[in-house]
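If you read the sequences in order, they're chains A and B.
Under the numbering used here, think of the first position of the first sequence as 1, with each following residue one higher.
Under the numbering used here, think of the first position of the second sequence as 1, with each following residue one higher.
Warning: the hint list may mix true and false statements.
[Unchecked claim] FRET-style restraints, in silico, Cβ to Cβ:
id, chain 1, residue 1, chain 2, residue 2, range
1, B, Ser84, A, Val60, 13 to 23 Å
2, B, Ala16, A, Ser77, 40 to 50 Å
3, A, Leu83, B, Lys69, 36 to 46 Å
4, B, Ala16, A, Glu59, 36 to 46 Å
5, B, His43, A, Glu59, 18 to 28 Å
6, B, Pro55, A, Ser17, 48 to 58 Å
7, B, Ser80, A, Ser17, 45 to 55 Å
[To be verified] Sample of chain A residues lacking proximity to chain B, with all beta carbon distances greater than 12 Å (derived):
id, residue
8, Ser1
9, Pro18
10, Glu22
11, Ser29
12, Gly54
13, Pro61
14, Gln62
15, Gln70
16, Gln73
17, Ile75
18, Lys80
19, Leu82
20, Ser84
21, Thr107
22, Ala110
23, Thr115
Calculated from the structure, these hints are not laboratory results.
From the three backbone atoms N, C-alpha and C, an ideal C-beta is built for every residue, glycine too.
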Amino acid sequence: SQTIHQWPATLVQPVGSPLSLECTVEGTSNPNLYWYRQAAGRGLQLLFYSVGIGQISSEVPQNLSASRPQDRQFILSSKKLLLSDSGFYLCAWSGRRRAISGANVLTFGAGSRLTVL
Amino acid sequence: AQSVSQHNHHVILSEAASLELGCNYSYGGTVNLFWYVQYPGQHLQLLLKYFSGDPLVKGIKGFEAEFIKSKFSFNLRKPSVQWSDTAEYFCAVTAGDKLIFGTGTRLQVFP
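With the hints as extra help, turn the sequences into a complete structure.
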């Protein structure tokens, strides 16, 4: 069965420090991968998604970047964290979008809570 | 741009009351619609989905949702809620390879 792992679960970082959140998926190949940020009252904001190795689509301009060095690995990074980067970050995967239904069902990881001080 | 609106931000009900959570979307293409639920301390999980066919879809735990294309809506319903339904509910729409979420509705059910 497929599983998704996300780490670290909790992170406290000073302003200006770098960030690396990692997400890996097991039990599937060629997944679509996603990074979301969840904030109270704002729902889930899509930050990045990837349909293949090295292919990254950015949804919102921000201080963060994403990379996909391997098929089942998705990394969220920052060179210099801002206070506003604090939040709960969720990684998710889905199978390839089917040509007929065009539907994706996302499976989410447990999330990473980042606090920037 | 694609968007999803959930107008009920916080709903408080007593057990056995009926529930309807509103969801409206804005997307010009073919849509696939979802409701996800996040129980306290747990992962987000799929509650139900609409791909095609019968616009009334049934999900887990007695939930159902109706896709009304003319109203761009996909409201979630349950005839009689339970305390264990206390959670945050998110409506979402597929736009190409992306899944766009609404802001969520926090449901509290009191015994």
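Here is what the structure says about each hint:
1. B:Ser84 x A:Val60: 13 to 23 Å: 35 Å Cβ-Cβ, so the 13 to 23 Å window is violated.
2. B:Ala16 x A:Ser77: 40 to 50 Å: Given a distance of about 49 Å, which is inside 40 to 50 Å, the answer is holds.
3. A:Leu83 x B:Lys69: 36 to 46 Å: For Leu83 (chain A) and Lys69 (chain B) the Cβ distance comes to about 43 Å; the hint holds.
4. B:Ala16 x A:Glu59: 36 to 46 Å: Hint holds: Cβ distance 41 Å, inside 36 to 46 Å.
5. B:His43 x A:Glu59: 18 to 28 Å: At 22 Å between Cβs, range holds.
6. B:Pro55 x A:Ser17: 48 to 58 Å: At roughly 50 Å between Cβ atoms, Ser17 (chain A) and Pro55 (chain B) fall inside 48 to 58 Å, so the hint holds.
7. B:Ser80 x A:Ser17: 45 to 55 Å: Cβ of Ser80 (chain B) to Cβ of Ser17 (chain A): about 50 Å, so the range 45 to 55 Å holds.
8. Ser1: Ser1 (chain A) is indeed farther than 12 Å from all Cβ atoms of chain B, at 15 Å.
9. Pro18: The assertion about Pro18 (chain A) holds, with a minimum of 27 Å to chain B.
10. Glu22: holds (17 Å)
11. Ser29: holds (17 Å)
12. Gly54: Check passes; 15 Å lies beyond 12 Å.
13. Pro61: holds (14 Å)
14. Gln62: holds (16 Å)
15. Gln70: Nearest chain B Cβ is 19 Å from Gln70 (chain A), so the label holds.
16. Gln73: Answer for Gln73 (chain A): holds, closest chain B Cβ roughly 18 Å.
17. Ile75: holds (19 Å)
18. Lys80: Non-interface label on Lys80 (chain A) holds, nearest chain B Cβ at 27 Å vs cutoff 12 Å.
19. Leu82: Leu82 (chain A) clear of chain B: closest Cβ-Cβ about 23 Å, beyond 12 Å.
20. Ser84: Check passes; 18 Å lies beyond 12 Å.
21. Thr107: violated (8 Å)
22. Ala110: Label violated. Min Cβ-Cβ 6 Å, cutoff 12 Å.
23. Thr115: holds (18 Å)
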